[in-house]
Every structure is written in structure tokens, then in C-alpha cells.
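K.L.:
What follows is the residue order along each chain.
Number of protein chains: 2
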Amino acid sequence: MASSILSDCSSSATSRLLPLRRALLAPAPCRFRPTTAPAPPRRPLFVAAQLPLLPRTRGMASVSAATAAASTDSATVSADACAKIIDGKLVAKQISEEIAVEIAKMKDAIGVVPGLAVILVGSRKDSQTYVRNKKKACEAVGIKSYEVNLPEDSSEDEVLKHIATFNSDPSVHGILVQLPLPHHMNDENILNAVSIEKDVDGFHPLNIGRLAMQGRDPFFVPCTPKGCMELLHRYGVEIKGKRAVVIGRSNIVGMPAALLLQKANATVSIVHSNTKKPEEITRQADIVIAAVGVANLVRGSWIKPGAAIIDVGINPVDDPESPRGYRLVGDVCYEEVSKIAGLITPVPGGVGPMTIAMLLSNTLESAKRIHKFK
Amino acid sequence: MASSILSDCSSSATSRLLPLRRALLAPAPCRFRPTTAPAPPRRPLFVAAQLPLLPRTRGMASVSAATAAASTDSATVSADACAKIIDGKLVAKQISEEIAVEIAKMKDAIGVVPGLAVILVGSRKDSQTYVRNKKKACEAVGIKSYEVNLPEDSSEDEVLKHIATFNSDPSVHGILVQLPLPHHMNDENILNAVSIEKDVDGFHPLNIGRLAMQGRDPFFVPCTPKGCMELLHRYGVEIKGKRAVVIGRSNIVGMPAALLLQKANATVSIVHSNTKKPEEITRQADIVIAAVGVANLVRGSWIKPGAAIIDVGINPVDDPESPRGYRLVGDVCYEEVSKIAGLITPVPGGVGPMTIAMLLSNTLESAKRIHKFK
Chain U
1 MASSILSDCS
11 SSATSRLLPL
21 RRALLAPAPC
31 RFRPTTAPAP
41 PRRPLFVAAQ
51 LPLLPRTRGM
61 ASVSAATAAA
71 STDSATVSAD
81 ACAKIIDGKL
91 VAKQISEEIA
101 VEIAKMKDAI
111 GVVPGLAVIL
121 VGSRKDSQTY
131 VRNKKKACEA
141 VGIKSYEVNL
151 PEDSSEDEVL
161 KHIATFNSDP
171 SVHGILVQLP
181 LPHHMNDENI
191 LNAVSIEKDV
201 DGFHPLNIGR
211 LAMQGRDPFF
221 VPCTPKGCME
231 LLHRYGVEIK
241 GKRAVVIGRS
251 NIVGMPAALL
261 LQKANATVSI
271 VHSNTKKPEE
281 ITRQADIVIA
291 AVGVANLVRG
301 SWIKPGAAII
311 DVGINPVDDP
321 ESPRGYRLVG
331 DVCYEEVSKI
341 AGLITPVPGG
351 VGPMTIAMLL
361 SNTLESAKRI
371 HKFK
Chain X
1 MASSILSDCS
11 SSATSRLLPL
21 RRALLAPAPC
31 RFRPTTAPAP
41 PRRPLFVAAQ
51 LPLLPRTRGM
61 ASVSAATAAA
71 STDSATVSAD
81 ACAKIIDGKL
91 VAKQISEEIA
101 VEIAKMKDAI
111 GVVPGLAVIL
121 VGSRKDSQTY
131 VRNKKKACEA
141 VGIKSYEVNL
151 PEDSSEDEVL
161 KHIATFNSDP
171 SVHGILVQLP
181 LPHHMNDENI
191 LNAVSIEKDV
201 DGFHPLNIGR
211 LAMQGRDPFF
221 VPCTPKGCME
231 LLHRYGVEIK
241 GKRAVVIGRS
251 NIVGMPAALL
261 LQKANATVSI
271 VHSNTKKPEE
281 ITRQADIVIA
291 AVGVANLVRG
301 SWIKPGAAII
311 DVGINPVDDP
321 ESPRGYRLVG
331 DVCYEEVSKI
341 AGLITPVPGG
351 VGPMTIAMLL
361 SNTLESAKRI
371 HKFK
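Protein chains in written order, with this note's numbering: chain U, 1 to 374; chain X, 1 to 374.
To be clear, the hints were calculated from the coordinates, so they are not data collected in a lab.
Any given hint could turn out to be false.
The list makes no distinction among identical chains, and a pair is therefore deemed to hold if it is satisfied within one copy or across any two copies.
Unchecked claim - The list that follows gives simulated cross-link-like pairs (lysine-lysine, DSS-like), each with its CA atoms no further than 27 angstroms apart:
no. : residue 1 : residue 2
1   : Lys277    : Lys161
2   : Lys84     : Lys263
3   : Lys135    : Lys372
4   : Lys276    : Lys84
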């Protein structure tokens with residue numbers, strides 16, 4: 001079911017109330033394009049390649065022609081959109097193929113395949129779907145999956161016991177505890193118990209600290225922000241010296257995305273629920289990463305002409321015309337912003353597919369590090 | 001001796017060349033006020049109290065009337081300056097008095113005094129002076145000092161052995177390794193060996209990670225950025241919802257200062273050597289923390305009228321009129337900026353005295369946490 005707190009900027013949808021705590025960030029109802037929006041230019045700031053560029057991730061193989069031709073159904077593009085669409089589905093497919101090649105090489109050379117353990121507590125439908133998708137993605141590239149399903153009323157100690165077992169299992173190179181955990185458990189205690197060397201989610205504070213510090217590198221970069229950066233890299237977006245705005249400051253996306261942009265020498269500003277006039281600061285950005293979880297928050301009038309827009313939001317909005325009664329939209333009003341930006345990710349088909357691809361990448365990296373395989 | 005790479009914005013000094021890597025950030029020679037500077041208003045954005053406000057640091061006692069009256073020689077103020085001067089020397093003195101009261105109470109109640117261990121390797125004159133000053137400051141408030149002096153050619157193992165001894169010594173609550181270490185030593189290995197519970201410098205990546213994350217708190221906040229925040233708090237500067245710019249992104253000041261401002265709900269941007277037009281973004285800030293180590297970089301034309309300016313820089317510039325042949329200036333051109341800002345720290349007498357005060361505060365905090373004393 002779509003939440004009733006979400007808004008929509010499509011011409012067919014009605015605007016809805018936002019909760020009070022988000023009032024500062026609430027967009028005005030958008031049935032038509034605001035008159036304050038700058039006139040859309042036809043010249044993007046960034047020159048996007050016709051197809052994603054050759055991979056820049058360390059240790060990854062080059063893109064196959066077959067994959068390049070395989071781009072399918074990303075987002076529907078308005079006829080008057082001028083932004084180049086960043087095809088996350090295609091890039092994720094490329095990366096998975098590159099990972100499969102690396103894993104085959106590793107297996108041939110040292111007889112080891114990477115292993116990923118997932119711990120799922122409870123029976124939330126969405127969590128079960130995520131875990132199933134992760135398992136399928138692992139199988140497709142040759143990563144061995146380990147799975148533990150615990151009942152909702154399990155104790156914290158039971159979860160910790162399984163983490164300890166995986167920590168000491170040499171065939172497991174990555175451990176992932178599916179969130180959210182049941183309310184009676186302490187997320188911090190549980191996530192901190194995962195060995196820093198197998199924390200493929202990159203959520204451990206030691207990883208975040210190393211990410212924040214100059215001259216240090218984390219063992220793992222959190223998957224979604226890593227996916228955002230990979231999209232920027234593969235589409236040839238220059239980051240050094242550019243102004244970047246990250247909207248949202250969550251521990252899992254916004255904050256690490258800002259640290260990554262900063263490490264890549266962008267000048268970074270973080271916009272959040274206490275920011276006054278977020279549109280003014282966002283309009284200065286050459287690169288925008290929106291990760292706030294508010295449907296269609298970022299409007300055309302927020303965007304610098306030609307900017308690169310990465311939309312992390314996946315928000316359900318009511319849609320009586322859809323068979324499910326709702327559809328998924330991002331934090332960015334695609335209809336408006338695609339007419340002004342130079343590059344934009346669609347929702348779905350943008351950042352979404354990258355998260356699992358980056359999890360596979362982190363698991364492979366971990367196995368290579370542990371086995372000193374280059 | 002003053003470095004020849006530094007520039008000066010006073011009317012009596014000559015401008016000097018900046019190194020190439022800092023060219024983007026290099027100020028133009030400033031013998032007169034640039035014509036692009038906005039006209040200085042007489043209305044500060046922030047209403048500063050006549051004396052520092054009552055302390056807001058947790059667990060600190062209130063300011064004494066005697067201390068409040070004891071403000072002495074901070075910076076020389078131009079006759080036409082309109083900014084309120086933030087008196088770091090006075091605030092540091094207040095805080096030290098508050099700490100002394102707390103320590104006396106703790107000793108009476110549980111018979112424990114906080115202990116701070118300092119490890120000094122080599123015989124650098126500046127390091128010896130810092131360590132001597134820290135020892136004196138500890139004695140003044142009742143913190144017990146432990147000191148180890150090792151010769152320049154000591155091995156990393158010798159340093160690690162002393163750290164291990166202090167880690168397990170229950171009378172030591174804070175451990176500080178004086179930087180810089182000799183070149184043959186690995187700073188990261190040595191700093192990481194300090195127990196996270198005694199890392200009063202707050203430089204451990206785990207502490208930085210906790211500082212970056214929402215819903216987590218570090219064991220210790222690095223002393224200089226903590227001092228900057230304390231000055232803002234005690235002078236009644238509202239942070240939530242304000243635009244803040246941090247100039248510089250070092251691990252020990254700029255980066256943690258940005259994380260602290262962000263935790264206090266400012267909208268933070270970080271300006272660094274790759275930032276284009278740093279003056280444009282700085283001019284949007286209600287709060288500026290300058291920590292880049294370039295004399296007089298921040299000019300009047302960079303500042304929003306009425307902004308609060310915290311200048312962390314301590315840079316020597318040649319001054320034939322001074323008995324030492326040089327004098328100390330900040331990263332901010334005080335002469336120009338004090339006419340435009342609402343609040344400003346002088347150099348010396350601003351942030352400098354706060355760093356040691358915060359080290360004492362962290363050591364007391366540590367002892368209270370270890371002994372569960374409230």
C-alpha cells in the first residue's frame with residue numbers, strides 16, 4: 001500500500017499532506033510546472049557518453065558488447081526531456097558480468113569462491129523479497145550464499161551467536177544482517193558484532209570513520225552510496241572541484257555519500273530537514289544526490305541547468321491506473337527535473353539495481369583481500 | 001622563524017607567494033580593503049552577550065564572577081571594528097575553573113583524580129613547549145600528569161609498549177601521543193593502539209565514525225573542534241538551521257568541526273583547496289570556521305555581514321617591528337573581517353587557549369565515565 005504522506009508531481013496525481021516534521025522540506029503541490037523554474041537549456045554541464053564508459057572500478061573487467069546492447073525498460077522518458085538518462089539497470093548488469101568473470105578467475109587460480117551470509121530475523125514480506133533477490137544475484141555471479149532465518153521472537157543472543165559463527169567461518173567473506181530488526185533488538189549491538197573485515201554493508205562506525213578521514217580507507221564503502229558514485233564515474237561526470245549537494249543525511253546513504261563526494265574532491269553541502277531554503281543551495285550544485293525519502297521533493301526550480309542528478313528515493317504514491325494501486329517515484333520530480341538537468345537517474349531503474357551490484361562487488365573485494373588475490 | 005610562504009593582510013606588511021598547490025585559495029595582496037567587500041553593517045546576525053553566557057557543557061559548573069571580571073589581553077581591536085570579540089582566553093579560564101571544582105568534588109566523593117599520560121618522542125622544541133603547557137594546565141586543575149620522554153631514534157615497538165602500559169593502568173584516564181612523531185614511525189599504527197576509552201584526543205577512526213553517525217556519540221570529541229563549538233555555545237550563537245562553512249578538511253580540525261556543526265543541525269559546506277570561488281560559498285555562511293593554515297586567507301569580501309567567525313589558524317608572519325621578528329596571525333584577515341562580522345575570535349587569544357581546556361575536559365569526562373561518577 002502506498003503511504004498517504006507522500007506527494008506527487010505528475011500532472012495526474014493529487015498533492016498530499018506531508019507530516020509536520022518535514023514541513024520545511026515540503027514541496028508545494030505540483031500540478032503544473034512552477035513559474036519560478038529557470039528556463040531549461042539544451043546544453044548539459046556534463047558530456048555523457050552514448051553508453052556507459054568503460055568501467056573505472058578497480059579490478060573489474062571491461063564491458064561486454066552484448067551487455068551494452070541489452071538495456072531494456074528503464075523509466076519512461078518525456079518527449080521534451082533533455083537530460084541524458086543514467087541507466088542503472090544496464091550498469092548494474094555490466095558490473096555483475098565483470099564480477100562473474102573475476103570470480104571465475106579466482107576460482108581457477110586459488111580454488112576459492114566468495115561467500116555471503118545473510119541473517120534474516122522475522123517474516124517481513126519486503127525483507128524476504130530483498131533477501132531472495134540478493135540470493136539470486138549471488139548465484140548469478142558465482143558467490144556462494146549462506147542464509148539464516150530466525151523467528152521474529154528470537155533473542156539478541158541468538159543473532160549474535162550466528163554472527164560469531166560466520167565471523168570465524170573462512171568460507172564466508174561478507175555478513176549482512178537484514179534491516180530492520182525486530183524492535184526488541186539493539187541494532188547497534190548487532191551490527192557492531194559483525195567482523196570489520198566482513199562488514200560488506202560498510203555500516204560499522206570504524207568503516208565510516210575511515211571513510212571520513214583523509215589518508216585512510218574503509219574496508220568497505222556502503223553499497224548504495226558506492227552505487228551512486230559508480231554511476232557518476234561510469235557516465236564520465238567530473239567530481240573534483242564541482243559543487244555537490246546531498247539531500248538527506250542518513251547513516252546508510254546521505255552521510256556516506258557526502259563523505260565519498262568529499263573524498264573525490266567535490267565541495268559538498270548537506271541539505272536536511274533543518275535547512276532553510278533548500279532550493280537555493282541545491283540550485284548551486286553541479287551534482288545532486290537526493291536521499292531523503294520524500295516523493296518528488298526536488299523540483300525543477302531547485303536544479304542548476306545541466307546538473308547531474310542521482311535520485312536514491314523509492315517512494316510509493318497512489319495511482320489508481322496502476323494494477324497495484326500505486327507506483328514508485330523518486331525524491332526528484334522526474335517530469336520537471338529531466339527537462340533541466342544534464343544527467344538524471346530514473347526511478348525505478350536508476351540507483352536501485354546498483355545497490356545489490358555493489359554488495360556483490362564488496363563481497364568479491366573482501367574475498368580477494370582475505371585470500372590476498374589480486 | 002616565520003615561514004616565507006605566508007601572506008599578511010595588515011597594511012604594514014608585504015604580501016608573499018603562496019605555494020602552487022594552494023594557488024586556488026590564495027588571497028590577492030591586501031594593502032587596502034578590496035572594493036568588492038560588502039559595506040559593513042552595524043547590526044550583527046547574532047546577539048552576543050556582554051560576557052560569555054553561562055556554560056552549556058554537560059557537567060560543568062557555572063561561571064564565577066571573579067573569572068568573568070578577569071578578562072585581560074586578548075587581541076588588539078581596531079577602533080572601527082564592529083564585531084564582538086570572542087574571548088577564548090576568558091572562556092578557557094572559566095572552563096578550567098569549572099573543571100577544578102568538578103575534580104575536587106570527585107576526589108572528595110570517591111577518592112579518584114583524573115590522570116593524563118603524555119608520550120613525547122624526540123626533542124622538538126615546539127612539542128616540548130606544548131607538553132610542558134599541558135602539564136601545567138593539568139596541575140592547575142588537579143589532573144595527575146604522567147609523562148614518558150623517548151629519544152628520537154626509539155622504535156615503534158617501544159612507543160607501543162608504553163601505550164599498552166597506560167592502556168591497562170587504572171589511574172590513567174587519558175592517553176595522548178604528542179604529534180608529529182618521527183618519520184620512521186607509522187602514526188596510524190600508534191594512534192590506533194590507544195584504547196578507545198582513553199583516546200582523549202578523539203582521533204581514533206571509531207570515534208570519528210561515531211561522530212559522523214546519527215544516533216551515535218563518540219567517546220571523545222577532538223579538542224580543537226570541540227573548543228570551537230564551545231565558544232559558539234557560550235556566546236549564544238544559534239547553530240540549528242544556520243548555514244555554516246568550514247574552510248579546511250583536516251582530520252584533526254576541519255572535518256570533525258564540520259561533523260559537529262552538522263550534528264548541531266547546521267547546513268554545512270566544506271571549502272578546501274579544490275573549491276572554486278571559495279569566497280562565494282563562504283559569503284553565504286552565518287558561521288565560518290577557518291582551519292586551513294594559510295595566513296589571512298579569509299578576507300572581508302568573503303564574509304556575510306553579521307556572521308560568527310571562528311579562526312583556528314595560527315600562522316607566523318614576518319614582522320621586523322616585533323622583538324621575535326615575527327608575529328602570529330590567523331587564517332582570517334582580522335583587520336577586514338572584524339569590520340563586517342558579528343562575532344570573531346582573535347589570534348592569539350581565541351581558539352588557541354580552548355584546545356588545552358578541552359583536553360582537560362575530555363580527561364575529566366573519561367575519568368567520570370570509567371568510575372561511573374556523575
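K.L.:
Taking the earlier hints as the rules, which of them does this structure contradict?
P.N.:
Failing hint: just 1.
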